[in-house]
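*Asks:* Listed below, chain by chain, are the residues.
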Amino acid sequence: MDDVKELYQELILDHSRSPLNFHKLETANRTALGYNPLCGDRISVYLEVDSDKINKVSFDGDGCAICKASASLMTQAVGGKTHKEVLSLFERFHKIITGKKDPDSSTLGKLEAFRGVSEFPLRVKCASLAWHTLKSALENGDSTISTE
Amino acid sequence: MEPISKLTPSQKPGFDVSTVRRDFPALSLKVHGKPLVYLDNAATTQKPQSVLDALSRYYTEECSNIHRGIHLLSERASQDYEEARLKVQRFLNANRPEEIIFVKGTTEAINLVAQSYGRTELRQGDEIIISAMEHHSNIVPWQMLCEQTGAVLRVIPITDTGELSFGGFGRLLNARTKFVAITHVSNALGSINPVKRIIEMAHEQGVPVLIDGAQAVPHQKIDVQALDCDFYAFSGHKLYGPTGIGILYGKTELLDKMPPYQGGGDMISSVTFEKTTYNKLPYKFEAGTPNIAGAIGLGAAIDYVMKVGQATISTYESKLLLHAISSLSEVALLRQIGTAKERAGVVSFTLGDIHPHDIGTILDREGIAIRTGHHCAQPVMARFKVPATCRASFSFYNTMEEVDALVSALERVKKVFH
Numbered sequence: 001m002d003d004v005k006e007l008y009q010e011l012i013l014d015h016s017r018s019p020l021n022f023h024k025l026e027t028a029n030r031t032a033l034g035y036n037p038l039c040g041d042r043i044s045v046y047l048e049v050d051s052d053k054i055n056k057v058s059f060d061g062d063g064c065a066i067c068k069a070s071a072s073l074m075t076q077a078v079g080g081k082t083h084k085e086v087l088s089l090f091e092r093f094h095k096i097i098t099g100k101k102d103p104d105s106s107t108l109g110k111l112e113a114f115r116g117v118s119e120f121p122l123r124v125k126c127a128s129l130a131w132h133t134l135k136s137a138l139e140n141g142d143s144t145i146s147t148e
Numbered sequence: 001m002e003p004i005s006k007l008t009p010s011q012k013p014g015f016d017v018s019t020v021r022r023d024f025p026a027l028s029l030k031v032h033g034k035p036l037v038y039l040d041n042a043a044t045t046q047k048p049q050s051v052l053d054a055l056s057r058y059y060t061e062e063c064s065n066i067h068r069g070i071h072l073l074s075e076r077a078s079q080d081y082e083e084a085r086l087k088v089q090r091f092l093n094a095n096r097p098e099e100i101i102f103v104k105g106t107t108e109a110i111n112l113v114a115q116s117y118g119r120t121e122l123r124q125g126d127e128i129i130i131s132a133m134e135h136h137s138n139i140v141p142w143q144m145l146c147e148q149t150g151a152v153l154r155v156i157p158i159t160d161t162g163e164l165s166f167g168g169f170g171r172l173l174n175a176r177t178k179f180v181a182i183t184h185v186s187n188a189l190g191s192i193n194p195v196k197r198i199i200e201m202a203h204e205q206g207v208p209v210l211i212d213g214a215q216a217v218p219h220q221k222i223d224v225q226a227l228d229c230d231f232y233a234f235s236g237h238k239l240y241g242p243t244g245i246g247i248l249y250g251k252t253e254l255l256d257k258m259p260p261y262q263g264g265g266d267m268i269s270s271v272t273f274e275k276t277t278y279n280k281l282p283y284k285f286e287a288g289t290p291n292i293a294g295a296i297g298l299g300a301a302i303d304y305v306m307k308v309g310q311a312t313i314s315t316y317e318s319k320l321l322l323h324a325i326s327s328l329s330e331v332a333l334l335r336q337i338g339t340a341k342e343r344a345g346v347v348s349f350t351l352g353d354i355h356p357h358d359i360g361t362i363l364d365r366e367g368i369a370i371r372t373g374h375h376c377a378q379p380v381m382a383r384f385k386v387p388a389t390c391r392a393s394f395s396f397y398n399t400m401e402e403v404d405a406l407v408s409a410l411e412r413v414k415k416v417f418h
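In order, the protein sequence lines correspond to chains A and B. Here the first sequence is numbered in this note's numbering, starting from 1 and rising by one per residue. Here the second sequence is numbered in this note's numbering, starting from 1 and rising by one per residue.
Just chain A, with the same shape it has in the complex (with noise of 0.2 Å):
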């Protein structure tokens, strides 16, 4: 049970009960809506993106522990950011989640929770939703994404 409870943390269970900014974003500009068809996760992105920069992110919609704590701990990191950081703060999270090696060793704050995610590979796709989402928000205003 070690690495279930190295995956389910206590910010991860925190955030998947009570998520941040867990809402529709009225003024967004940008939307996306991810959809994982294995398990049916469903996830919007709503972003208000003023020349190049996040001024406002929120979310909203269904998943697991794991795809609504990442989604919440997700608006935490990126606002503020610009689709560049954005790409590279996602490029570095993905590495944490599949375990692999980043030459890069300063610290993701609390994405680093995620870590545990590595040993238990069907999850990667929870873990990576909202990012795929967002992704996908930034480069392509109103779409849909699906992992499948």
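If you're looking for bench data, these hints aren't it; they were derived computationally from the structure. Check each hint, because a few of them may be wrong.
Claimed, not checked - Covered by chain A, per the in silico footprint, the following chain B stretches (three or more residues, Cβ under 8 Å):
1) 349-358
2) 368-374
3) 381-390
To be verified - As a list, the in silico DSSO-like pairs of lysine-lysine whose alpha-carbon atoms are at most 30 Å apart:
4) A:Lys24 <-> B:Lys319
5) B:Lys414 <-> A:Lys110
6) B:Lys341 <-> A:Lys125
What the hints assert, rightly or not - Over the 10 Å line for every Cβ pair with chain A, so calculated as not near, a few chain B residues:
7) Ser18
8) Asn95
9) Glu147
10) Asp303
11) Arg365
Since this is a predicted model, take the numbers as computed values, not measurements. Beta carbons are placed, not taken as given, at the ideal position from N, Cα and C, and that holds for glycine.
Given chain A, work out where chain B should sit, using these hints.
*Replies:* Frame of chain A; chain B shown alone:
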């Protein structure tokens, strides 16, 4: 499977679950260091050694193509392939072996009927009746047919307990109805449908009926003549056989007038560039080299099931299911989805607000394999207003102790989250 309400505790002497378990090599596997508790039998079943041996024997001793070789290996393989067809015929009590078509699985069987029978017989405005508890494979082929022909899909509603609304079926059946396709047992809820009555009512209007038997065949004796269904479909891999092989049963008079589903080798009797004459049944529907090993493996699986005894299997599985239903109902926060009176093989549930996907991961680490998600039955999930459920599904090789292991593991899941 016998209805739970009619269950008697008496069991054929001689059935010993620990003995049958030894026939299945996979059941002694360990996963994450724990003994495997395999409760995902509605997805696929484990295979007995006799099935694995039959596959291996075909590939090592008689690997060849069928129905064309002049040599000994081909003669043996053709004989075994046709012997498998006879086994399926007896297993379903079909009238003739030509009524047994080897296909990839239930999905292909339904697509075959939709495309071959449906495209020939259905017109704009005709109606096809299915139910709200169908697997996607008994929804999408009919939607495709509707797009192609202008026919309309009508859906029988289900009740809060997960039973088919029989009155709802009666109201939908009318002069425009040209086809009915219904699952025998729901893969997401376990409900057993009153298919015999449905077939009778449809036949009174002259409407043919296809039964999706994928979840029924492993649990109960099927007699297609007693049911009087026009088509019956099932998959080998849910019946302890290999993947990639399944059966379409169809009445001769219907199959005879249906055009081939695919063109190619084995389905023709003569070909010139001017005209091709199609082969007779069942070969008309078996274009290309079939899954020979799969058919022989399915024959071995049927032999195995008959050896254990279908009545014995039904009785034991009913006891197991009853034990699961009553033990799970003791688990606080657990909500069973689908509480039909007549059920087979499946318990679907949610646990408080813990997402099924999280439950599935934690159970897996305990060695317990269940299915989580929408079970390829999204309309059923929508009906019960849940995005997904956990599904434990049983076989005669499961034990009461495995059910207890599931219950204790669910208590541990709650500890992680609360």
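*Asks:* Per the stated criterion, does the least C-beta distance between B:Ser18 and chain A lie above 10 Å, as a non-interface residue requires?
*Replies:* 28 Å, holds
*Asks:* Since B:Asn95 was said not to touch the interface, does its Cβ keep a gap of more than 10 Å from each Cβ of chain A?
*Replies:* Per Cβ check, B:Asn95 is outside 10 Å of chain A; nearest 41 Å; holds.
*Asks:* With a cut-off of 30 Å on the C-alpha distance, tell me whether B:Lys341 and A:Lys125 pass.
*Replies:* 38 Å, violated
*Asks:* Was B:Asp303 rightly flagged as not at the interface, with every chain A Cβ beyond 10 Å?
*Replies:* Answer for B:Asp303: holds, closest chain A Cβ roughly 35 Å.
*Asks:* For B:Glu147, is the shortest CB-to-CB distance to chain A above 10 Å, so the non-interface label stands?
*Replies:* 21 Å, holds
*Asks:* Checking C-beta pairs, does the region 368-374 of chain B have three or more residues closer than 8 Å to chain A?
*Replies:* holds (count 3)
*Asks:* Does B:Arg365 clear chain A by more than 10 Å, comparing its Cβ with all Cβ atoms of that chain?
*Replies:* Check fails; 5 Å does not lie beyond 10 Å.
*Asks:* Can the region 381-390 of chain B be counted as covered by chain A under the rule of three residues or more with Cβ-Cβ separation shorter than 8 Å?
*Replies:* Since 3 is at least three, the answer is holds.
*Asks:* For the pair we were handed, B:Lys414 and A:Lys110, check the Cα-Cα distance against 30 Å.
*Replies:* 25 Å, holds
*Asks:* Does B:Lys319 sit within 30 Å of A:Lys24, going by the straight-line distance between their CA atoms?
*Replies:* 49 Å, violated
*Asks:* With a C-beta cutoff of 8 Å, work out whether three or more residues of the region 349-358 of chain B approach chain A closely enough for the coverage to hold.
*Replies:* Held - the region 349-358 of chain B has 5 residues with a Cβ nearer than 8 Å to chain A, which meets the minimum of three.
Violated hints, in rising order: 4, 6 and 11; the structure is consistent with all others.
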